Amino acid sequence: MKKFEKNSKYDGQVIGQILEAYKLAKKQGNHVLMWQQANLIYEFTQKYVFDVLWKKYGNILGNQEHRDDLIQSVWLKIFEEIEHYDSRKASITVFLFPWIQHAVTDYCSKNIWKTSPYYAKKISQIDDCIAWCRARGIEPTPNIISEHTGLSEKTVIVCMNIMQCKDTVTIDSIYEMEILDNKFRTPQEQAIYNENTKISNEILKRTLSDFEIQVIQILVNLNAVNNRKMRNKASYREIALCLKREYGITTTITTIKNTISDITIKLKDYPKLVQI
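According to this note's numbering, the sequence shown holds residues 233 to 508 in order.
Derived from the structure by calculation, the hints contain no laboratory data. Keep in mind the model is a prediction, meaning the values are calculated, not measured. Any given hint might turn out to be false.
Between beta-carbon pairs, the in silico distance windows are [claimed, not checked]: (1) Leu473 x Lys437: 22 to 28 Å; (2) Gln278 x Lys437: 31 to 37 Å; (3) His263 x Gln296: 31 to 37 Å.
25 Å max Cα-Cα, derived BS3-like pairs, lysine-lysine [to be verified]: (4) Lys321 x Lys255; (5) Lys342 x Lys386; (6) Lys255 x Lys288; (7) Lys288 x Lys342; (8) Lys287 x Lys342.
The beta carbon of each residue, even a glycine, is placed where N, CA and C say it ideally should be.
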């Protein structure tokens with residue numbers, strides 16, 4: 233991974249003067265001067281911008297399919313917002329950081345169909361089916377698409393949401409693909425993540441029995457399993473012991489194993505949940 237060093241030429245006062253000249257040139261319609269000042273702004277800030285991108289979003293920046301488009305999206309966002317910067321109130325890096333995050337999140341939201349092979353294949357099927365339906369004067373409803381593609385209606389709805397760039401779906405998918413680092417969520421991203429968690433819990437309550445929910449909670453809630461070194465998941469035996477200890481339910485390892493199989497089948501239309 234390439235490491236960008238701090239720009240030794242950076243000077244807050246100078247960047248402030250450059251920005252004022254940029255604003256004035258833009259206001260006067262002096263495109264030559266505006267372009268010159270924009271190049272100076274780029275020269276003074278590029279090291280910081282690329283450093284942030286590689287450190288926080290190296291996963292997607294390392295993807296050749298997305299690198300150039302992502303970088304372009306970031307710079308477009310920066311120059312959309314740069315005229316609001318006031319050098320007397322904060323350094324340019326403090327100003328740029330949230331806009332870099334915003335640009336990356338926005339780019340990923342709009343391009344999730346490229347970044348997720350799972351959804352990309354199904355979206356391609358759905359897109360073809362929609363075209364087929366419209367050519368025959370058929371309304372391409374989720375139910376009709378499901379019948380013609382063999383995909384479940386729920387899967388069709390999820391994919392159609394992604395095709396319409398609904399952020400609630402796409403942002404969650406981005407984290408699932410580990411394109412964004414969960415440790416660096418912005419407040420807006422965290423709010424979306426919390427909403428997705430709420431939706432996931434509602435799906436579980438609607439789909440599973442109380443016993444199955446208890447099993448799945450123990451399976452993924454590592455704090456519920458003794459106070460030993462945490463592992464990825466609880467074993468069948470640990471789940472059985474925890475059910476006895478926490479809920480007074482006596483069961484067998486075979487029952488737990490079969491229950492988890494039943495849960496997987498019931499959640500087959502929710503791939504993100506099945507992954508747990």
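**Message:** Would the hint linking Lys288 and Lys342 be met if the CA-CA limit is 25 Å?
**Reply:** holds (19 Å)
**Prompt:** Is it true that His263 and Gln296 lie within 31 to 37 Å of each other by Cβ?
**Reply:** holds (33 Å)
**Asked** Given the hinted pair Lys287 and Lys342, is their alpha-carbon gap at most 25 Å?
**Response** Distance ~22 Å between Lys287 and Lys342 Cα, so the pair holds.
**Message:** Given the hint of 31 to 37 Å, is the C-beta distance from Gln278 to Lys437 inside that range or not?
**Reply:** Given range 31 to 37 Å: violated, Cβ gap about 49 Å.
**Message:** So if I understand the rule, the pair passes when the alpha-carbon distance is 25 Å or less; does Lys255 with Lys288 pass?
**Reply:** Violated: Lys255 and Lys288 sit about 30 Å apart, past 25 Å.
**Message:** Would the hint linking Lys321 and Lys255 be met if the CA-CA limit is 25 Å?
**Reply:** At roughly 17 Å apart (the allowed maximum being 25 Å), Lys255 and Lys321 satisfy the hint.
**Asked** Taking only the CA atoms, is the gap from Lys342 to Lys386 under or equal to 25 Å?
**Response** holds (21 Å)
**Message:** 22 to 28 Å was suggested as the range; check whether the CB atoms of Leu473 and Lys437 agree with it.
**Reply:** holds (25 Å)
When each numbered hint is compared with the structure, violations occur for hints 2, 6.
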